[in-house]
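Here's the letter readout for the chains.
There are 4 protein chains.
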Amino acid sequence: MSAIVSSSGRPTFSKASPLLRGKIALEEHSMTDHFDATKTLPDSENTSEHAFNDEAYMSDVVKRLADVESRVKDMDASGIDISCVSLTMPGIEGIFDAPTAVSMARKVNDQLHKTYRTGPHAHRFRVWGCVPMQDPEAAAAEAERCIKQLGCCGILINGHSNIGGPNTIQYLDEPQCEPFWAKIHELDVPVYLHPRLPAPDQQRAFRGYDFLLGSAYAFGRETAEHALRLMVSGLFDRYPNCKVILGHCGEGLPFTIHRVDHRLRHSQPGKSGPHKHPLAHYLNTNFWATCSGVQREGTLLDTIREMGEERVLFSVDYPYEDMQELSAWFDGLQLSENTRKRVGFLNARALLKLD
Amino acid sequence: MSAIVSSSGRPTFSKASPLLRGKIALEEHSMTDHFDATKTLPDSENTSEHAFNDEAYMSDVVKRLADVESRVKDMDASGIDISCVSLTMPGIEGIFDAPTAVSMARKVNDQLHKTYRTGPHAHRFRVWGCVPMQDPEAAAAEAERCIKQLGCCGILINGHSNIGGPNTIQYLDEPQCEPFWAKIHELDVPVYLHPRLPAPDQQRAFRGYDFLLGSAYAFGRETAEHALRLMVSGLFDRYPNCKVILGHCGEGLPFTIHRVDHRLRHSQPGKSGPHKHPLAHYLNTNFWATCSGVQREGTLLDTIREMGEERVLFSVDYPYEDMQELSAWFDGLQLSENTRKRVGFLNARALLKLD
Amino acid sequence: MSAIVSSSGRPTFSKASPLLRGKIALEEHSMTDHFDATKTLPDSENTSEHAFNDEAYMSDVVKRLADVESRVKDMDASGIDISCVSLTMPGIEGIFDAPTAVSMARKVNDQLHKTYRTGPHAHRFRVWGCVPMQDPEAAAAEAERCIKQLGCCGILINGHSNIGGPNTIQYLDEPQCEPFWAKIHELDVPVYLHPRLPAPDQQRAFRGYDFLLGSAYAFGRETAEHALRLMVSGLFDRYPNCKVILGHCGEGLPFTIHRVDHRLRHSQPGKSGPHKHPLAHYLNTNFWATCSGVQREGTLLDTIREMGEERVLFSVDYPYEDMQELSAWFDGLQLSENTRKRVGFLNARALLKLD
Amino acid sequence: MSAIVSSSGRPTFSKASPLLRGKIALEEHSMTDHFDATKTLPDSENTSEHAFNDEAYMSDVVKRLADVESRVKDMDASGIDISCVSLTMPGIEGIFDAPTAVSMARKVNDQLHKTYRTGPHAHRFRVWGCVPMQDPEAAAAEAERCIKQLGCCGILINGHSNIGGPNTIQYLDEPQCEPFWAKIHELDVPVYLHPRLPAPDQQRAFRGYDFLLGSAYAFGRETAEHALRLMVSGLFDRYPNCKVILGHCGEGLPFTIHRVDHRLRHSQPGKSGPHKHPLAHYLNTNFWATCSGVQREGTLLDTIREMGEERVLFSVDYPYEDMQELSAWFDGLQLSENTRKRVGFLNARALLKLD
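Protein chains in written order, with this note's numbering: chain A, 54 to 408; chain P, 54 to 408; chain H, 54 to 408; chain W, 54 to 408.
Hint data in this document are derived by calculation from the structure and do not stem from the laboratory. There may be inaccurate statements among the hints.
The list makes no distinction among identical chains, and a pair is therefore deemed to hold if it is satisfied within one copy or across any two copies.
Here are the simulated lysine to any residue pairs, SDA-like style, with alpha carbons at most 20 Å apart [unchecked claim]:
1) LYS394 <-> GLY351
2) LYS324 <-> ASP107
3) LYS296 <-> ASN391
4) LYS296 <-> ARG402
5) LYS116 <-> LEU72
6) LYS324 <-> ILE200
7) LYS406 <-> ARG291
8) LYS116 <-> PRO71
9) LYS394 <-> LEU404
10) LYS116 <-> ASN220
11) LYS324 <-> GLU108
12) LYS167 <-> SER320
Next comes chain A alone, as it looks inside the complex (with noise of 0.2 Å):
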């Protein structure tokens, strides 16, 4: 509590919200020398942010996704002390083949290690490991490789991967991608399931307002779809400890799976798919969600009656988002100080064993 003066001349006693310190953020992006993932694939859909976006706030975000320094001095401002970062999207998903994608993750990790984890801020910083899923068995070795070797706090993978063009693609639930969550499984830590665009033949309902998949709806469409694709798939009943993070509260699934459930009482027995409980389940047992990108309070109290307050994290989505306005946001909402607490650093610490 301090004392103000109010615009009218009177002191007043205002209770500011004082900042939390420690916060953990957990979608927070970076770009490499190797590979400036924003920019170098052809005829996919990874230029979107740049073709709907201000180019001032567009070359702010470039320039920040490479910049240690400023980042090191938001995250101060802001009462992070550590943030979580990986290869912005699309990222080693967006390459059209296997070979390329499987040497590029390697060189990406390996400069993600030193540029966040060596130096004086290393301390400050955590890496999620990128795969080439294009490979499943060699994304299962560079996941091992990266948590082993390199003490990454999982991987993240933005969405479904090319695999040989824009418009043919492989979801995480494809027999194919088995060797990778068997290993994931194995090494016991969270995959971080990024969004990324809908691939370009399935984004006709945006035609002629291309501007509204920058505004992240779609985005998160494809990233719930996803996410369902995974809980249908029974991937949680063969590897129940997985733990998959969603970002942006949920990719809206919080509002929505439920309904899902109730209708799938429907189907017809034995045709709605391997998996063995509803679907609420699973995100109530495997997942965790963000608060990425949100700043709605209805947003993260829904996500957090759904999912309980230990699976709901504090994220930021750096540089896209702004650490200091949407850490104001989050240390001003009026709750519980213990639930603050636990969405800002707890539940991270628990979840990536910071401690």
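With chain A fixed as given, assemble chains P, H and W onto it according to the hints.
This is chains P, H and W only, laid out in the frame that chain A set:
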């Protein structure tokens, strides 16, 4: 309050949830002799309900779509005073050629009127008119006939319309639809934007798990995107009195729309479409949401939080949903009786001008 | 939305909370020349604010109680269109003898009318009449004069009335008050039941911690108990149109009243008082609640949940609270703009018949 | 999920609320042969339950207070694994002279231990020790014996203690109670602060409506005020590990405490007591709340919002409340299964060190 005896033999005095009488349901479906909307259209998604759903469930649904007496009986048992009925999806919108759509819409409207608005139960029903959007001028004319001659409570549209084939579709914001909206604005009646599945070539995310299409996620996604198109198109700036009703707690938009607005802050100047306001403004000004097919309290409460108590309306989605099951859920929610009455019927009475 | 520059030097595009214009505040306090309600009564609790509170704060409060110009300036800066002012507590209710109360009430009403309802700012104010409940017949007559001759928006009563001394008090449900309620029912105006501290001999739980009395818990407890007395007395069964406004989010009743009803199930038949309905029924039918002096979102949302959006009203509790601080909090709450307008002014306009 | 047939003859597939097994209930009451806490004390409020409540209800309550077998049967039918039992109110606290209190507490603890912690049902119960606060040194010694020798899960205190008569009472923050708290701090066990009615001379607001005393409002008011005394006394600054459990969703404090803090901003410097933090800090740090006797979702959710998911605990208040009624309500709440398990038993297991 009534005395009951618990299974342990102890007399208890349980507060049984009383039936809320006078409810009005807005998303209630019907079939006509002339037009079996679920069966006749080749190569369309209109068979989805049959494809994925349990046979016993679907045969019961089909029987109930056309049976007025069992409908009234269910309404009596559920405290539903008035059902607003419509031709079930995909309805007229699924017809590929315009002349057929024009003549069929007319026949269907006449028969719905005869079935529900004449005879002993006429006071228990209202009818949503259907229109042939494949010919927007004809749609405008039919809308006028529905409202002025048949006394319809508004127009219900099952999402996009097929123009010539299953994958050649028209959204309601496209320029050729202007005459329809001009007429709706003049008639001052609501349009119920009912879900429809994405066009077949836009369903790839569900491939391998076709039952997910019937689970309502795909319906909701397509309808939310349709509603977003209406908002960004500037339709509600041109016709500020246009009123659109969404089912299923606003098809996810109350949870996600603020993030869409949040990202649109960064779109290139002049490139985020002709709309004049943040999208949440339209959701709060031009939209209403029913809780059709939703039995999840958190979802309903978040909808009320984002749209206000006066824009949320009870509904069932009969016969796809069970009137008594959904009514028992709604009548038993622990919220203010004032809110229950407002959502249960007062808002509908005002919106549909039933008094 | 406006562009700002964050302290880290990055341009951001923050959604600044716009001022909600047109707000109406209902629990706003004043002082008159004839009657300094906070100082003159011997041996009463009316000095409590002075006893516990910071001197600088209290001297500012006293100055503002009587200063119309600074009040209007604060209203302008806060988006408050109309303040409904009343004589500050304990007001007429703290006078020990009836004749003094009768004549003082008349003088105060005349002066409040002259100060706030004549002159250049008349359109910015409404006045709550005060009445001498020490003589209920006179109170009824003065209420009629207030409404019919002075154009008051209703009557405000500061809890129990002293009858002869500090510990001999009268609650509004006592039989001798009947003429007052009969007149209120006839006049069809709301009564604002403003808090007052428990009588001195009922304050034992705070002994040793007298500052807790000024912390508002004791005010709220006494007022909630007064409201419960009104409910169980059958007053609202006899006068179903009587409308009572509580401040401070209903003084805790939205949170606790259902447990009271729950326990009353077990009271001896015929011994739970003359009331005909569960107490929550009256809270939903005869009561309104303002958020005066409350800056806690969970408290406001629970009040809305239990009373419905149409029975909750914005207020400040000026000058004990800061108009701009409370307005900034209210205007920045992340809820539907429809709800904000309804609570901010639409409900007040309807209840006070301001249109 | 199970198939049911609705009363309209249609088969439906309702999601029946499954019983949550493993629940732990913390505010469960008992009687002993040596000491009928509800009958023996002259001139005390301990007969209140009998005075206001239905005879059939009270005779059932009295029978159940002492019957272990029917208690276990109810627990089995309700999914309650463990009940933490205590001597029912006013208990030892209602005894006027200290020596009687000291010897009675010892006898009661021995008998509760024998009844509930030996024999075939021992694993289904835990016992709250009672202590003679009329002699705080003896209370400390008895607390130590309870925990170390009898294996009690903590100490339960029924509000203030009578010292010599019905209106001469002692609150737990008074200086002479220090030895008790020092011992509690050393033993590191929680204290359940159970409600008790205000002393007879503090019940004036209910005069004429004595049944309101039994309605729980008065119990809650007195207990909230007692908890506020503990907070402002600085007790938790001196003994930061002291843990206090409140029943009935925190006795209203989650709804009102922020307004208390808000007003204490204005108290005279150095005069707002020896406490070092805002009161909400203690509510979030030293307090837990059970939902005993509360069957209102909004009240529970506001408690979770203000205290965090980990400080809210299931309870019944048996036999004053019905185990199956309250369990069915709790098990059917539409919130995350994770939250339900945490509130249902995980929090209790951690707080009471049951694993």
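Hints and how they fare:
1. Taking CA atoms no more than 20 Å apart as the test, LYS394 paired with GLY351 passes in both settings, with 19 Å inside one copy and 18 Å between copies.
2. In this homomeric assembly, LYS324 and ASP107 come within 20 Å of each other (Cα to Cα) only across copies, at 9 Å, whereas the closest approach inside a single copy is 46 Å.
3. Taking CA atoms no more than 20 Å apart as the test, LYS296 paired with ASN391 passes between copies only; the shortest distance there is 15 Å, against 24 Å inside one copy.
4. Proximity of LYS296 and ARG402 under a CA criterion of 20 Å is satisfied intra-copy only: 15 Å inside one chain copy versus 25 Å between copies.
5. Taking the shortest alpha-carbon separations for LYS116 and LEU72, neither the intra-copy value of 26 Å nor the inter-copy value of 35 Å comes in at or below 20 Å.
6. Taking identical chains as interchangeable, the C-alpha atoms of LYS324 and ILE200 are never at most 20 Å apart, the minima being 38 Å within one chain and 43 Å between chains.
7. In this assembly of identical chains, the alpha carbons of LYS406 and ARG291 never lie at most 20 Å apart, being 23 Å within a copy and 33 Å across copies at closest.
8. For a Cα distance limit of 20 Å, the shortest separation of LYS116 from PRO71 qualifies neither inside one copy, at 30 Å, nor across copies, at 32 Å.
9. With identical chains, the CA atoms of LYS394 and LEU404 are at most 20 Å apart both within one copy (14 Å) and between copies (19 Å).
10. For the identical chains of this complex, LYS116 and ASN220 are neighbours neither inside a copy (30 Å) nor across copies (42 Å), given an alpha-carbon limit of 20 Å.
11. When the C-alpha separation of LYS324 and GLU108 is checked against a cutoff of 20 Å, the pair qualifies only between copies, where the shortest distance is 12 Å, while the shortest distance within a copy is 49 Å.
12. In this assembly of identical chains, the alpha carbons of LYS167 and SER320 never lie at most 20 Å apart, being 51 Å within a copy and 34 Å across copies at closest.
Going down the numbered hints, you'll see the structure goes against 5, 6, 7, 8, 10, 12, while the others check out.
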